[in-house]
Structures are given as C-alpha cells and as structure tokens.
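So the protein lines, in turn, are chains F and G. Sequence positions in the first sequence follow the working numbering and run 84 to 500. Sequence positions in the second sequence follow the working numbering and run 84 to 500.
If you are wondering where the hints come from, they were derived from the structure by calculation, not from laboratory data. Since we're looking at a predicted model, the values are computed, not measured. Do not take every clue at face value.
Any copy, or any two copies together, can satisfy a pair, since identical chains are not distinguished.
[As the list claims (entries may be wrong)] The calculated lysine-lysine pairs, modelled on DSBU-like cross-linking and capped at a C-alpha distance of 35 Å, are:
| # | residue 1 | residue 2 |
| --- | --- | --- |
| 1 | K487 | K389 |
| 2 | K146 | K494 |
| 3 | K86 | K442 |
| 4 | K165 | K118 |
| 5 | K262 | K493 |
| 6 | K477 | K389 |
| 7 | K487 | K167 |
| 8 | K86 | K167 |
| 9 | K318 | K142 |
In case you want the letters, here they are:
Protein chains: 2
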Amino acid sequence: MAKKNAFYAQSGGVTAVINASACGVIETARNHKDKIGKVYAGRNGIIGALTEDLIDTTKESAKAIAALRTTPSGAFGSCRFKLKSLEQNKREYERLIEVFKAHNIGYFFYNGGGDSADTCYKVSQLSETMGYPVQAIHVPKTVDNDLPITDCCPGFGSVAKYIAVSTLEASFDVRSMAKTSTKVFVLEVMGRHAGWIAAAGGLAEEQGIPVVILFPEIEFDQKKFLAKVSAMVEKHGYCSVVVSEGCHYPDGKFLAEQGTRDAFGHAQLGGAAPVVANMVKEALGHKFHWAVADYLQRAARHIASKTDVEQAYALGKSAVELALKGQNAVMPTVERISDKPYKWKVGVAPLSKVANVEKFMPRNFITPDGFGITEKCRAYLTPLIKGEDYPPYKDGLPQYVQLKNIAVAKKLAEFKI
Amino acid sequence: MAKKNAFYAQSGGVTAVINASACGVIETARNHKDKIGKVYAGRNGIIGALTEDLIDTTKESAKAIAALRTTPSGAFGSCRFKLKSLEQNKREYERLIEVFKAHNIGYFFYNGGGDSADTCYKVSQLSETMGYPVQAIHVPKTVDNDLPITDCCPGFGSVAKYIAVSTLEASFDVRSMAKTSTKVFVLEVMGRHAGWIAAAGGLAEEQGIPVVILFPEIEFDQKKFLAKVSAMVEKHGYCSVVVSEGCHYPDGKFLAEQGTRDAFGHAQLGGAAPVVANMVKEALGHKFHWAVADYLQRAARHIASKTDVEQAYALGKSAVELALKGQNAVMPTVERISDKPYKWKVGVAPLSKVANVEKFMPRNFITPDGFGITEKCRAYLTPLIKGEDYPPYKDGLPQYVQLKNIAVAKKLAEFKI
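One chain only, chain F, in its complex shape:
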C-alpha cells in the first residue's frame, strides 16, 4: 500500500471532548508514519475539503496535540453542512476527489453525529461510485447520544456529568431558599429528539433531590405535569424541573421555538424553561428560578467525565487503526461489557446502519408516569459520568490550547460552495 495522507474534520455541534478524539486520531497517525503521511485537518469541517482549506497538523508540536485532550470545542473549526446525494450534487463529490487527489489523501476521518455519519458514508462510497480509492471512517461524536449501535457517544458523558452536577447544585440552592422564596427551579437542557441529556438530571436524585424531567419522548401533558410539581413541592418543600429543549405537545409543537432553523433544517430551539416556569407560577403560585444551559453544557470541559474523555480518545485512535486494517465505511463504537464494574471495549459498526438513524430513550428507561428515570437508566448513565479529568489551570482559568492552524498551500482553482 503506497503511503497516503489523511484528512480529518470535525462536524456539527462541538463538544467538550471532540478534540480528545482529534488527539487520538493525530497521535495514532503520527505513530504510524510508515503507513500514513500527513494528517490534514479540514478548516471548518467538510467545507475545508471542498474549498481546499486544509490545515497542516504536522506544524503542531506534540505538546499542542496532546493538549487537545483537555481542550473543549473544535480546534479546527466545525460546520453545519450536509452533502447532498451524489445524484443531486455530483459537482461537490467531484471536487472532493479533486482535492483528495491533489493532496494524496487516502483516508477520510469525519468526527460528528448522525448527519455527519451520512456525509461520511457518502464519501466512503466514492471508491465505488467515482473510482477514487478512499477509506472513510466515522468517529462518533454527539452530546445528544442518539447514534445507533454504539452504547454511547463521546461528548455525551461529559454533558451528562455537567447536567447531573448542575442539577444537584442548583437543587441544593433552591432547597435553601424554599421556605421564604424560590420553590421551583427549572433547567433547560439540549436534546432535540432524544432525552438522554435531560435524563442525566435525574442522577441528582441519588442525593435525595426531587427532580421532574420533561423528555422529548413523552408528549407534554400540562395538567399531569403541574400535578406532579405540586405533589413534589408538597412533599419536599421544593423541586427541580429538567426540561429538554425538544419537549413538545401532542401536536408536535415545541414548548418554545425561536423560529429560526439551522443549515440542516432543524428548528433552533430555546426558551422552554421560562415557559415551564411561568406555567408553574400561574397555576401553583410558586416562586421560581430558571436557567438555560445552552452552550455551557456541551463546552464544559472543566467538569468533563473521565470515562467520556477516555472513550473519545480511544475511538479516535481506533478509527486510524481500522483504516490501517483496510476498513472503509465503518465507525468505531463503544461496546458495554458490564455496568458494575463498568467495562467496555471498542467495537465497529457499518456506516450503512448508522447514517440517518436516531436512538431514543427506551421507554423502560423512563418511569411509568413519564417524569423520571428508572433504575435501568441509572445503571446505564452512572458509569458514563464517572471520574473527573480536570484540565490544567493558570491564574484561575483552564489552559486550553489554541493551535497555529497553518494552511497547506493550495494547488487548485477556487471552488464556490
């Protein structure tokens, strides 16, 4: 096998640990210099490939690459851009091949969620459909935890830990205030269709906190919800509500919509928390506080889960190893061996079975009344938030690395997306 270069890019919403996967990919490739040439990173995801805006990662020191492991966000820039099908947009695929050829790229590592798995799958078919030999491996990443086959997705464990810790802390706060002031605290969390992140708020129950969860998987029933909150406040003097941004009425209408849509056509949500809080105030008269975690939750590297960081790195590493074994159109996965003690290993899934499939919370992870998590869910979640993996600090702030991101000289004509 002639020595080829590799392309790596980050896609979709970034996470606290996507750079740990980048670290895994780059460090592993550097350990196989006999087989893999340079790793070129796409500036802003696949757009970097289309526009020939490649970053030469060989210009970064070993120390800088190692520091990616403790740095949140996408070090090379991410994008929200989904390749159309070959029939709909042959021009873009031809351009990709042109860029790959110009820079001798034979490996394509794409680090993203469901939509990105679809892009990666399309690229993996280029050998067959367009006659250009490229091995495309998807590195899973999504805070939403909604990819199929893999037991969990890198990025999720850390956001789950953030939400569990934040729910616990804010609940301690509202409990302190409940006698004369705030009785209900509402936290809005991410998760358009799947309630995995919201479920993590339920882990605060471990320490006796009354938590009411509003999942996207359960149609919102205002009357039942208010009765639940009322009962909780009656019993405990206070309660916390964790509401998923994707929580919706039976007709599909979200509790709150900002009205804007992202590049994939998804509604951009936000603002369910104040809606829920006001509902409680009007019906029950309880004073409330609400928070919307938004980016804070998925960027919170300072409270990342050790399990998550290790898995993010391991799957980046495995992606390169799968490529070296000649694989194409696959994604390394987390396979759970046991809950307690938590044991897992790296598996592999065909991209054809990953792309465009969403994994929702199983109904038996949600309590019969629809407002809490079951023991089964708790057993699933707990290992994923386990362990702390603190970044280094200087003068009170985490020392996150910023790469030089030096561009590779362009060889081709400009391309308009």
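Once you have looked at the hints, place chain G on chain F.
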C-alpha cells in the same frame, strides 16, 4: 464572662461557599468550648430565631461540619426576610430577646449580604435599645460583591470563576461554529445593580476571546451596542456577549423583567439574554445562542475558587474570634495587601458603615466605551478566581454533605411572623 451559646444563621441568596463560612464559625466555636457553649443554627435564617426553630449543631459530627467547606448552598436553610426598624416592629425584637434569653444566646453570627448586614446591625443594637446583652457579628457573603469596605465578598470569587470559565468555554464553542452557524453567544449573569459578576466574563479575553459586556452601571445604548458587536464579529468572526440581569435603559427599565418581586421588594429579573440575542439577530442577521446561568452560577461549588473558599472560611473563623474579643456590631473584612503576588489579611469594619451601602464597579474598572474591563479591573479580579478547590466525588457526582439538622427542644409559645 459567663459562658453563652451562639446563634448562627444564613441569609439571602446562598452561594457556593457560604457553608465554608458556617464551617469556619462552627469549628472555631468548637475550639473555644471554654467560652462559647453550643452553636445553634437558625433554620431558614432569622426566621429560625423568631420561630424558635433552632438547630443543634453539636449533634453533627466533626466530619460532617468539615464537609460543609466543600458543600454549596445553605446547609441550615436561608431566608429572604428583613427585620423592620425597632419603631416599626418592636414585637419581633422582643421575640428575638425572648428566644435568646430562653436559650442563653449571647453571640449572634449572621451570614449574608447588604440587607442581612442591616438586620445584623439592628440586632447588635439590642444591648443598648432593649437592655439585652448580645454581640452581633456579620459574616459577609454575597455573589454580588457589593458590600462596602471589604475588598471582596465571599461567594463572589467562585461565581466569578464560574462565569470566566463558562464564558471562555462557550466562546471556544461559538468560534468553532461561526463559519456556517452561530456567530454570537449571549450569556446572562446575575447582578442587579453592580456589574462585578458580568466583569468576570471579561477575564476570558486573557485567551484572546472577544467579549462585549453589558454592565448595570452603564446605561444601555442599543445603537452603540450593536455597532460594537458588529465590529467584533467583523474582526474575529464571532463574539460573546455577557449581559448582567441588571442591565437597563437610561429610564431605568431593565432589558427584561419577569414582573415579580422578592421579599425585599427587588424586581426578580431574568431573560435579558434572549432580548439581547434577538436584537443582534434582527439588526445584524447573525445566528445566535444564549444561556441564562441563574442558580447554576452561584451554586457551582464544583468549580469554586480556592481563594474564595479560604476567605469564606477565614471570615467565619474571624467572626468568632472578634466575638471572643468582646466586639459587637462589626464585620470581618478582606483587606488586600498586594495584587501580585496576591496577599490579603482579615480586617474589621463597623456595621454602621456596612448596612445599606452598595459598592458598584468603579468607572475606571470599565473601558471608556463601556463594554469591557480595564487592566485595573483585571488586576483586581484575577487573584479572586485563582486556585481550584474540588469537592470529593463518588460515582461521578460531588459528595455534598446533608446535615441531620436536629431541632433544639422549644421552650416558648408559638410565634406568628
């Protein structure tokens, strides 16, 4: 001096480190058993004194009390309740004396902010006005950092660290997304009248982040604000906005009001972030994300500042020492000796000069354009967020202590507030 018992209570909004002050008070009192009898904590602040709902802290193990140092929120419950003046409500003062007498209380430690300092000051005058000998010492606590005389207030350093870290992390996130998606991230922070918390967001600039800050001290000018954001996005491709909940128009109207008021008559705010975000979207067309940190910021013991924890403990300890020296109507303070290296010592302030005085950001801590912090402000803030002081964890969650909070047997008739 005959041996008297002590009363300790927590008041107002709780913080990540108010329990560290409680720990300082109780551990120090336990070290002076020859002079101080039992420490009784008021359940839910001063309300516990009025209703004779006292918690016997001697029932708690040394281990449990030590764990208060790493536990956020108010372990004995807090309250939003301000004593009226003696002329307006003599009945409550008489009741306090009745309870103090019944339980042989000679020391009154009140842990709170500006309103609580006023309550503490009123109690300190009971010796003179009502002939009952009691020494009242105020232990400062407020995330708002708006108490006078003291260089800073316990509780502030940790919320400042949380906001600085969160702004940094979310800004890394928006920078990753800016090419094809979100360009402006808006974070709403606490601070009704003083912009200290918002200022902490400016510390993210240390790592090259473009941050626009909206202070309550600077009247909001929409045109200037939008021009600033536009220039930042033009230059950096993205920017972060940190908006104080107290940010308001020249006529005093807040950017967003929920319309409800707390027990002190303050408007309960929230929702400035979506207002600002939509403003940016409409005027500049930039895609946005927004977060409201609310309780998450002041409860975030997981990312507490070491400086803050140490000061919170030290001032609790000093309060007891001041009492043992026979002082009354005072508050221990932080006196800064130098910025770099950061050195400080405990000072003391008369409560007559603390009660009902608010300390705002000096104008020279804010840049001339009103949207940033100066080097002077940075030199002030940096030592306050310095150092990490992580709580212990188990199964991925911080192990926060929950006390037994056993009530002292009542001796008096019921009292209606």
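Tested hints:
Taking identical chains as interchangeable, the C-alpha atoms of K487 and K389 lie at most 35 Å apart whether they share a chain (27 Å) or sit on different chains (32 Å). For the identical chains of this complex, K146 and K494 are intra-copy neighbours only, at 30 Å inside a copy versus 67 Å across copies, given an alpha-carbon limit of 35 Å. Taking identical chains as interchangeable, the C-alpha atoms of K86 and K442 are never at most 35 Å apart, the minima being 37 Å within one chain and 66 Å between chains. Taking identical chains as interchangeable, the C-alpha atoms of K165 and K118 lie at most 35 Å apart only when both belong to the same chain, with a minimum of 30 Å there against 73 Å between chains.
In the homo-oligomer, the alpha carbons of K262 and K493 lie at most 35 Å apart only across protomers (20 Å), although the nearest pairing inside one protomer, at 66 Å, exceeds that limit. Proximity of K477 and K389 under a CA criterion of 35 Å is satisfied in both settings, with 21 Å inside one chain copy and 13 Å between copies. Proximity of K487 and K167 under a CA criterion of 35 Å is satisfied intra-copy only: 32 Å inside one chain copy versus 61 Å between copies. For the identical chains of this complex, K86 and K167 are intra-copy neighbours only, at 30 Å inside a copy versus 81 Å across copies, given an alpha-carbon limit of 35 Å.
Taking CA atoms no more than 35 Å apart as the test, K318 paired with K142 passes between copies only; the shortest distance there is 25 Å, against 61 Å inside one copy.
Going down the numbered hints, you'll see the structure goes against just number 3.
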